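J.: Position in the sequence shown counted from 1, then plus 593, gives you my numbering.
It should be emphasised that the hints constitute simulated quantities derived from the structure, not laboratory data.
Model, not experiment: these values are computed from the prediction.
Cβ atoms here follow ideal geometry from the backbone N, Cα and C, with glycine treated the same way.
Misleading hints may appear alongside valid ones.
Unchecked claim - What follows is a set of in silico ranges between Cβ atoms, one per label pair, in the way DEER data are often shown:
(1) ALA812 x GLY609: 16 to 24 Å
(2) ASN603 x THR669: 41 to 49 Å
(3) THR666 x GLY763: 41 to 49 Å
(4) THR666 x ASN605: 17 to 25 Å
(5) ASP783 x GLU809: 28 to 36 Å
(6) GLN608 x THR669: 17 to 25 Å
(7) GLY634 x PHE784: 30 to 38 Å
(8) ASP707 x ASN605: 23 to 31 Å
(9) GLU772 x ASN716: 27 to 35 Å
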Amino acid sequence: MAENVISVKNANIYQGQNLVLQNVYCSIEAGEFVYLVGKTGTGKSSLLKTLYGELPLKEGEAQVAGFDIKTLTWKTVPFLRRKLGVVFQDFNLLTDRNVYKNLEFVLKATGWKDKGLMDDKINEVLEKVGLKSKSFKMPFEMSGGEQQRVDIARALLNSPKLILADEPTGNLDPETSDEIMQLLTSISRDFGTAVVMATHDFVVIENYPSRILKTEKGAVLDSNVTEVVAERL
Numbered sequence: 594m595a596e597n598v599i600s601v602k603n604a605n606i607y608q609g610q611n612l613v614l615q616n617v618y619c620s621i622e623a624g625e626f627v628y629l630v631g632k633t634g635t636g637k638s639s640l641l642k643t644l645y646g647e648l649p650l651k652e653g654e655a656q657v658a659g660f661d662i663k664t665l666t667w668k669t670v671p672f673l674r675r676k677l678g679v680v681f682q683d684f685n686l687l688t689d690r691n692v693y694k695n696l697e698f699v700l701k702a703t704g705w706k707d708k709g710l711m712d713d714k715i716n717e718v719l720e721k722v723g724l725k726s727k728s729f730k731m732p733f734e735m736s737g738g739e740q741q742r743v744d745i746a747r748a749l750l751n752s753p754k755l756i757l758a759d760e761p762t763g764n765l766d767p768e769t770s771d772e773i774m775q776l777l778t779s780i781s782r783d784f785g786t787a788v789v790m791a792t793h794d795f796v797v798i799e800n801y802p803s804r805i806l807k808t809e810k811g812a813v814l815d816s817n818v819t820e821v822v823a824e825r826l
């Protein structure tokens, strides 16, 4: 039986003082690919932010990559994030340094010190995303799809158990979106990394069908439990 990378029980999710999701239950196993859908303002981003420790969990239980989310402190959040990869819609790359230096920055920030090991890891993740020959490129010299691949490479640096992807195809054309989806689904399948992807892209869900979590009317609905329709959001 696969291990649960995410286990949430009876959780209430807040954005500031506002209760946005109530009585949330869900579990996600290693290697699972799960979509997170819902209209704007229904709590998708708040749920993701709770899972990676940006928003505190005030009520209920949540375990993520072996960490108790409810007891996280500013000192322990960095240790949780070393077990996660987070992929953003707008890439969030450092614009003043090349691809290699972007990835090296993350490794140094998460405690890596050996130059040879850092070189090996950077080459490994760039090969996984098909950019091994582009390590010298600056972000502004790359297409949107290439920048998103760098973002995914960055998320893979610490061999995460879980990738949280927030609208990773949101700024990409259909062909490039398809390439990114092939990459994310292959990472999930080939490396046993769980992927939770927030998206508004109905075409992506149609082309790459998988389990769906949907935020709606203060609840999280699970297609494994009940029929969840991913309408055009």
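J.: It remains to establish, for every hint, whether it holds in the given structure.
T.: Comparing the hints with the structure gives:
Take ALA812 and GLY609: their Cβ atoms lie about 20 Å apart, and the range 16 to 24 Å holds. Against the hinted window of 41 to 49 Å, the Cβ-Cβ separation of ASN603 and THR669 comes to about 22 Å, which falls outside the hint. Taking the beta carbon of each, THR666 and GLY763 are about 32 Å apart, not inside 41 to 49 Å as hinted. For the pair THR666 and ASN605, the beta carbons lie near 20 Å from each other, so the given range of 17 to 25 Å is met.
Between ASP783 and GLU809 the Cβ separation comes to about 32 Å, which falls inside the hinted range of 28 to 36 Å. At roughly 22 Å, the beta-carbon separation of GLN608 and THR669 lies within the given 17 to 25 Å, and the hint holds. Checked against the hint of 30 to 38 Å, the C-beta distance between GLY634 and PHE784 comes to roughly 34 Å, which is consistent with it. For ASP707 and ASN605, the hinted distance range of 23 to 31 Å is not satisfied, since their beta carbons lie about 43 Å from each other.
Range check, GLU772 to ASN716: Cβ separation about 21 Å, and the 27 to 35 Å hint is violated.
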